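Q: Using the supplied hints, reconstruct the complex from the two chains, each of which is provided in its own coordinate frame.
Protein sequences appear in the order of chains A and B.
Each residue of the first sequence is one higher than the one before, counting from 13 in the numbering used here.
Each residue of the second sequence is one higher than the one before, counting from 8 in the numbering used here.
Treat the hints as calculated values from the structure; they're not laboratory data.
One or more of the hints may lead you astray.
What the hints assert, rightly or not - Some residues of chain A that are not near chain B, with every Cβ distance over 12 Å (derived):
{"hint": "1", "residue": "G32"}
{"hint": "2", "residue": "E34"}
{"hint": "3", "residue": "R44"}
{"hint": "4", "residue": "G99"}
{"hint": "5", "residue": "T101"}
{"hint": "6", "residue": "L102"}
{"hint": "7", "residue": "E103"}
{"hint": "8", "residue": "R104"}
{"hint": "9", "residue": "D105"}
{"hint": "10", "residue": "L108"}
{"hint": "11", "residue": "E109"}
{"hint": "12", "residue": "E115"}
{"hint": "13", "residue": "G117"}
What the hints assert, rightly or not - Partial list, computed: chain B residues near chain A (C-beta under 7 Å):
{"hint": "14", "residue": "G268"}
{"hint": "15", "residue": "I343"}
{"hint": "16", "residue": "L392"}
{"hint": "17", "residue": "R409"}
Note that the structure is predicted; figures quoted are calculated from it, not measured.
Even glycine gets a Cβ: it sits at the ideal position worked out from N, Cα and C.
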Amino acid sequence: MEKAEGGLSTLPGLAGLRSGGEDDALLQDLRRIIGFVSILETALAGNDRDPGDAGGPEAGTGPSAGRPAQAADPGARLSDLREDNPGPTLERDRLLEAAPETEDGCFRTPAALGKGGAP
Amino acid sequence: MTAVAAPRTDPSYRPFFPAVAPVAPGCPAPLAPDAVALASRLRQRDLSCEEAVRDALERVGRDDGQYSCFLGLCADRAVEKAREADRRLSGLAADEARHAFPFLGVPAAVKDNLCLEGVRTTCGSRMLSSYVPPYTATTVSRLEALGAVVIGKLNMDEFAMGASSETSFLGPVRNPHATDRVAGGSSGGSAAALAAGFVPLSLGSDTGGSIRQPAAFCGVFGLKPTYGAMSRYGLVAYASSLDQPGPLARSLRDLSVLFPGLVGRDPRDATSRAPSPPPVPDAPRAGVPEEYLAASTHPALRAAVSEAVRRLEAAGIPVLPLSLPATRLCVPAYYILASAEASSNLSRFDGVRYGHRSAAGETLAERCAASRTEGFGLEVRRRILLGTFVLSAGYQDQYYGRAQKAREAIREEFRRAFGTVDFLVTPATPEPAFRIGEKITDPIAMYSQDICTVGPSLAGLPALSVPAGHTAEGLPVGIQLIGPAWSEAFLLAMAQRLAEVPA
Chain A
13 MEKAEGGLST LPGLAGLRSG GEDDALLQDL RRIIGFVSIL ETALAGNDRD PGDAGGPEAG
73 TGPSAGRPAQ AADPGARLSD LREDNPGPTL ERDRLLEAAP ETEDGCFRTP AALGKGGAP
Chain B
8 MTAVAAPRTD PSYRPFFPAV APVAPGCPAP LAPDAVALAS RLRQRDLSCE EAVRDALERV
68 GRDDGQYSCF LGLCADRAVE KAREADRRLS GLAADEARHA FPFLGVPAAV KDNLCLEGVR
128 TTCGSRMLSS YVPPYTATTV SRLEALGAVV IGKLNMDEFA MGASSETSFL GPVRNPHATD
188 RVAGGSSGGS AAALAAGFVP LSLGSDTGGS IRQPAAFCGV FGLKPTYGAM SRYGLVAYAS
248 SLDQPGPLAR SLRDLSVLFP GLVGRDPRDA TSRAPSPPPV PDAPRAGVPE EYLAASTHPA
308 LRAAVSEAVR RLEAAGIPVL PLSLPATRLC VPAYYILASA EASSNLSRFD GVRYGHRSAA
368 GETLAERCAA SRTEGFGLEV RRRILLGTFV LSAGYQDQYY GRAQKAREAI REEFRRAFGT
428 VDFLVTPATP EPAFRIGEKI TDPIAMYSQD ICTVGPSLAG LPALSVPAGH TAEGLPVGIQ
488 LIGPAWSEAF LLAMAQRLAE VPA
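For reference, chain B alone in the conformation it holds in the complex (with noise of 0.2 Å):
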């Protein structure tokens, strides 16, 4: 194995895969390390909901000024549920509140493209800055019936369209860890909220990395589940094909409480699917894809694998090393066809249908164009722009097809590593979080970071970021495990050994 990872000599990584992982160094400590334990103080009265609620809206209040993980709080309709839930909490036994509400009153809060009924929803953007939903994400709704009682909007990169949350159009979100740090994208407030111990539990969406790349930059969990798995019905959409709903958590516990409540058909979604998980293999065997190794330019991140293998190796797992040689295509193909969906699904914000209407233009069509100028980023124009021209006439076979193509490529790529292997050891991103402002101007040094992640999502398959150590600067550093469909729970098992074996 060691001819592929490079040994754990790197002197800037400090190794460290906890199941539960603790709030950013100098964070006040949460009322409790995770979601289960906050729900289990609840039910035995240690505190009551509201407390639990108020306390969240206290912190970030207090505190995110220093981050802006949060985009707006729905503080009253969050205390009026939490008075609900302890309502609720005096007439349940523990083990019934237990098991039919297993997060009941615990504060939790969702990225800002997932509609809360009554709730601006900006999407992190101009054009959105007045929506308000008149309806829920089936996602929202799926948490909220779990017993979780969302305080709030969390900030993101415009549209879901970044890998450093410094796209928003009300300023980046900056990383609990080094606030001169970003704290990725696009979900960065999901995973920053984490970390600073505002909540124990988010949501985020990923299309490309959204959740699993800021969940590494934060040293939280980030679980990207199988396409299908949790419905888009509510999600501001950004490409169909690749958006994938999803939760964050500090607890390798929480998730795998929290996933299967909010996975299932939704028939306001037809791209959502029940669950089919495979059989769990008795021996399980692990792979390392040398090209995901090759493209981490931080030697720590190499260093986090290698030390991962070490762990599953110890724990009687055998690492494989193994090629995907299409994974440099991955990046590529991704943008090719994100962009193309995002060309079309944005359409709709123009002024009349959807968003931010301008007061400039003569016309009708120079009414709609101007609406569309002022009202979307930089970032989100240029997004907007590839993916009409991967579409227009004369290089639709030439770009998008090809993408499709690669894409298909990729897919049967995974199918056949799955066939020697059951789940892939990959390090969640090429480095440590970044410094507001390093990438930004760049859009292709910005499109790199997301090579350790895309092909995942090109292939629909779940993936779960874990944190797994620090740099020497305190910056940490996270892994990725990838399985076939709807490997969510061996996954997180997998990780589970990890955390296990000692140091």
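With the rest of the complex left out, here is chain A (with noise of 0.2 Å):
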């Protein structure tokens, strides 16, 4: 959050929006706001289980639920989350079989507009 703190002067710029006599309120706001959502900061911190074993075999439903189990905290649970990890991509030919149509060794869409598009 402090480290954000810096950035949020030249958000207007980034947003294409021009800067003016409403700024201060709306970042004001956008300070709260971004306080609000930092929750996600720390019910995601650490990453140290399997994700298919988020909140044990009980998590969600049975006699665990209703009353504030350990493994059903979602800070917990989301720790399970593994960090991604590249990959190789899909192969275009395959990708390519599964389009309704192609054109060019392309996905062919249709028009939104004009000849073949909207009536």
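A: See below:
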């Protein structure tokens, strides 16, 4: 959040908006909103368990449901998610096989307007 | 069950689970209780389609000043369509008409973010105040293919960003049950037009609860379909991975007839899919997630869920308590993801490609920035700034990446829940309709209104908002039924079961 402070003043320019009289109020709102959504930072801290094991077999339902069981803590459960690992892409030919229509090795999509487009 | 849901002792709560929701007290009685009944009258030639459409237009002209449900009417087009419907009806046997065009001649209205060729589509924004689309949204075409006649475009939060329909450039929608209260949002006009008795059917769109919450506030039914069920072609995009058009109606049977006619694959929307409903369970079981009850700050909402549980059990449907702990992450994850997508989707509105063009600015960049700043309202600019922030270098992993992970965890939690129960029962909102102006200056308070509805949106699941009674002041309260993907028909059947149990 502290790190974010420095970047906020440049946002209107990045967003294609003009700086103006409402900026202070908008940025103040934005600080509050960023604080509000930062709950995800704490909930997602750590990455040391298998994602398929999130919360254990009783998570969500059953006898343990209805009381705040440790295994059901969202922070603990979300820690179970793995980091993103880059992998090989799908083969182009296989992707094209799944396309409803193709043209010159690309997906063919219907025109939005004009000939072949909306009536 | 009573350990989870508070017993029905809240004195402010008046239970009422209708199969056909009445119009708000004080509003003139409609020509028929619901669209199916009106279509039947039209087929019997009790009155003509043109008379039905003119009646709707007159009601709006006479009474909508109180509510501001409509942003515009397309009266000439509607009357012409009604005459076409009359001509078509005269050439069909009643049974033929019922099967081919179940809503032939029935007046309907659509949210102003759904394009209708030749009819102004503003999204409740100054930015699009003069935009006339050259094509019609697939969902609207399908509604018209069922015979319905669109009479106008409905008020909404600007670009569907809001939970009260107060951010509309053209002023807030007022709730027909209490005009000092909001109608909910962003499809506030779509819900209020039903409650006021202007039309029996409407279309809205739901990104994080924009059909379900206004339906609950106005005492009508609202269905957020499975993501991909209804085409987004012609729906002005807010957050494309979450946006989903959907129907609102005053009766369950209207939704049961309407919904199948609106769904299906559309080659113009790559995310649309053919329906694949799961098998209907022989002995359905319901679940009540405690986190949704805890999020309800008004006792009438907890009491409404408790009454729903009583009715389900009386109907022989067991109800289990369960826990969805990631619920507390839903609103933050939603606002990060939706705002990120909005900042991208709304970049096209720059006064050059689309939208309001400012006279200010010396250079192209200055002119675009001035157009966007003048054209967008405060809430839209707030979300564009938030979206720009969470996608900006250095913060993308911290916010957007984590929100995506949270979304996956939320999906997984629902998937596990549906391994044990067949549907979930929750309050549709944390509280009944609040006063106009009460939350509009506090974005966190407004965003927190979405706590009961954003979970199914993030998971792409269908959810049905069902009228469930009133507070002592007469404000409607609603419950929500959530099911696995493509379980819309099953959810409608469960709502029917709720309505059939004696009070």
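Q: Look at each hint and say if it fits the structure.
A: Hints, verified against the model:
Against the 12 Å criterion, A/G32 falls within the reach of chain B, whose nearest CB is about 6 Å from its own CB. The beta carbon of A/E34 sits about 7 Å from the closest Cβ of chain B, which is not more than 12 Å, so the claim that it is off the interface is violated. In this structure A/R44 is not separated from chain B by more than 12 Å, as the shortest Cβ-Cβ distance comes to only about 6 Å. At roughly 17 Å, the least C-beta separation between A/G99 and chain B is larger than 12 Å, which holds for a residue marked as non-interface.
With a minimum CB-CB distance of about 19 Å to chain B, A/T101 clears the 12 Å threshold, and the non-interface call stands. Look at A/L102: its CB is around 16 Å from the nearest CB on chain B, clear of 12 Å, so calling it non-interface holds up. Against the 12 Å criterion, A/E103 stays outside the reach of chain B, whose nearest CB is about 20 Å from its own CB. Every beta carbon of chain B lies more than 12 Å from that of A/R104, the smallest distance being close to 18 Å; the non-interface claim holds.
Look at A/D105: its CB is around 20 Å from the nearest CB on chain B, clear of 12 Å, so calling it non-interface holds up. The beta carbon of A/L108 sits about 15 Å from the closest Cβ of chain B, which is more than 12 Å, so the claim that it is off the interface holds. With a least CB separation of 16 Å from chain B, A/E109 remains clear of the 12 Å interface cut-off, as annotated. The claim that A/E115 lies off the interface holds: its Cβ sits roughly 14 Å from the closest Cβ of chain B, which is beyond the 12 Å cut-off.
The claim that A/G117 is not at the interface with chain B holds, since no C-beta of that chain comes within 12 Å of its own (minimum 18 Å). The interface hint given for B/G268 is violated, since its Cβ lies 18 Å from the closest Cβ of chain A, which is over the 7 Å cut-off. A hinted interface residue such as B/I343 counts as satisfied when its beta carbon comes closer than 7 Å to some beta carbon of chain A; here the least separation is about 5 Å, so the hint holds. Against a cut-off of 7 Å between C-beta atoms, the interface hint on B/L392 holds, since the closest Cβ of chain A lies about 5 Å away.
Given the 7 Å rule on beta carbons, the hint for B/R409 holds: about 4 Å separates it from the nearest Cβ of chain A.
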